[in-house]
Amino acid sequence: MQSSFLLFVIFTLMILGYLAGRRRSLAVARMSRGPDRLHSLPAYYGFYAALWAGIPALFLLATGVFFQDWIITKLVVADLPETLRTLPPEQLGLVMNDIRNMATGNIVSTEITPAIQLAADHYVRLRDLYSTATWILVTCISVLGIIMVRARISPTLRARNRVERIVIVIMMVFSSIAILTTLGVIFSVLYESLQFFRKVPVTEFIFGTEWSPQIALRADQVGASGSFGSIPLFAGTLLISVIAMLVAVPIGLMSAIYLSDYASARFRALTKPLLEILAGIPTVVYGFFAALTMAPFIRNLGERLGMEVASESALAAGLVMGVMIIPFVSSLSDDVINAVPQSLRDGSNALGATRSETIKKVVFPAALPGIVGGVLLAMSRAIGETMIVVMAAGLSANLTANPLESVTTVTVQIVTLLTGDQEFDSPKTLAAFALGMALFAVTLVMNVIALRTVRKYREQYD
Amino acid sequence: MNTLSETIETGPDANLIVPQENEGAFREQQFEDTVGDVTHPNPRISCREVDVYYDHGAVHAIKNVTLDIGTGEVLAMIGPSGCGKSTILRCLNRMNDSIDGCQVSGSIRLDELDIYDKNLDVVLLRAQIGMVFQKPNPFPKSIYDNVAYGPKIHGLAKDKTDLDEIVQTSLERAALWEEVKDRLGQPGTGLSGGQQQRLCIARAIAVSPEVILMDEPCSALDPIATAKVEELIDELRQQYTIAIVTHSMQQAARVSQRTAYFHLGHLVEVNTTDKVFTNPQHHLTEAYITGRFG
Amino acid sequence: MTSPANSTVDIVRAGLPKRYARERRFRLMGMLAIGLGLVFVAILFLDIFSKGYTAFQQTYVRIQVHYDGSVIDPAGTENPDTLAFADYMALLKQSLREVFPEVTDRRAKRDLYQLVSPGAGQVLRDRVLANPEIVGTTEEVWVLANDDIDMLVKGHIDRDLPESNRRLDDRSLAWFDRLVDQDAIEKRFNITFFSSGDSRQPEQAGIAGALMGSFYTLLLTLLFSFPLAVGSAIFLEEFAPKNKWTDLIEININNLAAVPSIIFGLLGLAVFINFFGVPRSTPLVGALVLTLMTLPTIIIASRSALKSVPPSIREAAMGIGASPLQTQFHHVLPLAMPGMLTGTIIGMAQALGETAPLLMIGMIAFIVDVPQGFTDPATVLPVQIFLWADSPERAFVERTSAAIMVLLAFLITMNLTAVLLRKRFERRW
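Chains as they are written, first to last, in the working numbering: chain A, 40 to 501; chain B, 741 to 1034; chain C, -14 to 414.
Hint data in this document are derived by calculation from the structure and do not stem from the laboratory. What you are looking at is a predicted structure, and each value in this text was computed from that prediction instead of being measured. Just so you know, not all the hints are guaranteed correct.
[Said to hold, decoys possible] Pairs of lysine to any residue residues, derived as SDA-like cross-links and limited to a Cα-Cα distance of at most 20 Å, are as follows: (1) Lys892/B to Val126/C; (2) Lys892/B to Phe11/C; (3) Lys78/C to Val126/C; (4) Lys229/C to Gln234/A.
This is chain A alone, in the form it adopts within the complex:
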């Protein structure tokens, strides 16, 4: 709350800075010979002052907030009595947690000793001091920025160029967020995964055929007795994804072909948006549909045919996931098919090919790389899809190829492992990150190949 109010103060100072800069520039101009003598429009002097009032202050605030906990903790620890200070790091962490909880008025897990009470008071004092210091520093820097710019304003100051350079740099920083995100993903999953692999061997994770993370917790001994073989999870993921693709690819592809080569303009204008509705439905809705309608339907159907169907069969989840992916496949194929030049169709038609012959023997082979890329993208989406399988697929890791049985997937396990109340560094929680890393790696490779294929394909006909 406090730093958001500080944000507001900085914003106000920026407005003041703008006004001050503008005013100053006009005054300077009047002292020389009229406003046309200024290098830039007065507003730019204002912006320049505002930027100087804002950016360093914001930067300082961010750094301050970021290091606050670390610095205060260091100081409090340094002041702790000898007996507490020399505790091993884990226990010291627990003590610090207690102190922090006391300071914020939360419930404390252990008994309150005078030392901790003292430390908590110290913590509160330091925190108040720190925030006061931040307040003063930030405000000073901001005001200082305004004063400095104001002093430097002269008709020759190239305010516009400077403002524009700053704005461009800001935009450049914005555009780097994509890279930061990827790096963040890689480092976060990698870091936690490495911790996981310190407790569970990599070979077991990759080649193990047994997945039962619960045991590890109950035995309360790290990694020794839990089994973390990811093969059944990937097999289950693959099974459901393949079912989904068996639904989505034929239907998506054929409807794209029909819409682009057969349908009249009116039919297309009517049907396409209707089919695209499927793409806009949130996955949780599909999950609900899969769990409450599709799964019971398939089970009843199976029972009537005398087959044994699990109530959370892979088939139900796969079918619904397939429906979800139809518009995805269809719009990608549509793009790709439309990119095949009309001249090829003309060439084939002029030889006396029927429409379907042209499509099957000229358009489709020509579009194949693009279609393969699209299918790969769709597959990667199916593998990463979460809600449908969380709601409609099972939890037990069966290694089976029978779509009527219940299987679990990578994403289901990530969700189950992380939505419980676990200690963050238990192998169970860390296993979720290892799975996340595997999922990220697999989908990344598929996406890169797919995107490259599609791009190459497009360049060929551009």
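Go by the hints and put chains B and C onto chain A.
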């Protein structure tokens, strides 16, 4: 939409600059009748009073054209951009069917067959009337498969050796065999422009059509490739009836026996090529071939 | 007539019937594919609607309540605190006993109390707090029926089933029938569904909390992602030099658009919550994750909007001496704005429907209170749907479906707005 704008360039700016001195006369009189001899003693294709409209009648692209294309002749169709020469060519094998809102009236016959008969089978018609396009458009398949495509879909070859033979003769006739016989398995798109166009011609004659329509077949080629294709056209005349649309008057003069001059959708003059180029009967033809517009 | 040309025609003609049969089959397959797609859309909507439309009504029971001062405020202090924490359920229980005086044994009484919602006392409390004068008087009040009664009224409980397989036993049914005879049962528009937060009791559960959570989360997401995306798009499209770095950014953006959403949840958990210490379960951390997720969508859309502004506009502006940045902000950006907004709306629609990453960052918690700000624990509509879908009570099924209908209504509105915006401002240069 794309095909439409390639075929005719509508709108005022696409039209020619009319010679100033006889503008009034230009509008009134000279389109009444085609000058020269529209008929041929031994016609393969005969068009009678053909009108073509685009955009559901909004654009009148071909106006009352009557024309024969004789057996074993090369007929050149020339005229300024937007005159409708490509349009009438594409009417001959009903390639205009795929354009939304295109209407054709009048009669076009291939021998005794009415091309615009409701019961006519377009597939069958196109097997008899082949077409070569402005831009070489080989399929993204091997050279062999490009040529074999037509015979395969129509079931013309009894077996593999038969197909091999068809491919070879077609490539030989298209004067391409010697250049590609060692790399039949390579993609047709890897050939040079002129080779690609000859490949497209080979592809067309592999179906053994009776008529070949060529829509500016050399406009995307360099002079040497053009010379080769022109030579080829001259040879093909022995077996096929050929109608060729061209922008180049020299080309028309080199390859054709008869020449038809189109202007704003009208067929202005048809005569032997010699006569059209040495002694044009109509002043518009004369203006065009002497380069006053085009 | 045995010339080679004619034999070709004959061969072709002979093959035609087969070829046309294949053509028809192919065409039929295409139509079948489209038909199947449309059937899926129809089934999905019909299924959700048929399950959910009843949730917009709720059964109420009319009860004669005596606001007994000795129960509410035994000391007669009229202290608001005393009034607020009084046992109003006791009043209802007493009234129910008066309606059915023959019920005496303990278990039967407990079943009897089950006719009304455990939260029904709330209504009485609100009335007393609003007007303490009514203590000591008697009045008729409509209170929430329990979810089983509600399901019975809506026909979801089959009376013909054997008693052991039914949620309501024969005795409860008899009580219910007597209440019906007294006109003391009524279905009304379900205001609770729109006005209250989550609850373990289906009849008291509403989507207000989730809606507000979604609102706060989306608002922040919009505030974060729009400037970021527009800035990045302008830089990448207009200023970025063509080098390895910008190539890398380009590839990154395209890949991020295809990364599974759950991965963003892991990122949020590891980086925002554990590293930066952003509070869990709050709209703030949800918005941070959704921002990273929707950024690629909006950037890609914004870039294509910028691309569609013809270079002549830029040249014209530069030609009269505008700086590159002035050209962008004064001329290019206004023209590209509709396209950018369309992309933003579509990105926001995605964010509104997203569930998986939010599970990772604790927005799955059971939260009764309607959130009041960006740092209050909250849940969002799709997560609420997920939570309810997991609940076993039949009454939650209809509420889940109804929540889905609300969610879909929002999404369809947003997407329609995007389509209309595109239509309205689409420019052909």
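Hint check:
A hinted pair counts as satisfied when its Cα atoms are at most 20 Å apart, and Lys892/B with Val126/C does not qualify at roughly 84 Å. In summary, the hint linking Lys892/B to Phe11/C is supported, as the alpha carbons are separated by about 19 Å, within the 20 Å threshold. Between the alpha carbons of Lys78/C and Val126/C the distance comes to roughly 13 Å, so the proposed pair stays at or under 20 Å and holds. Restraint check for Lys229/C and Gln234/A: not satisfied, since their Cα atoms lie roughly 33 Å apart, outside the 20 Å limit.
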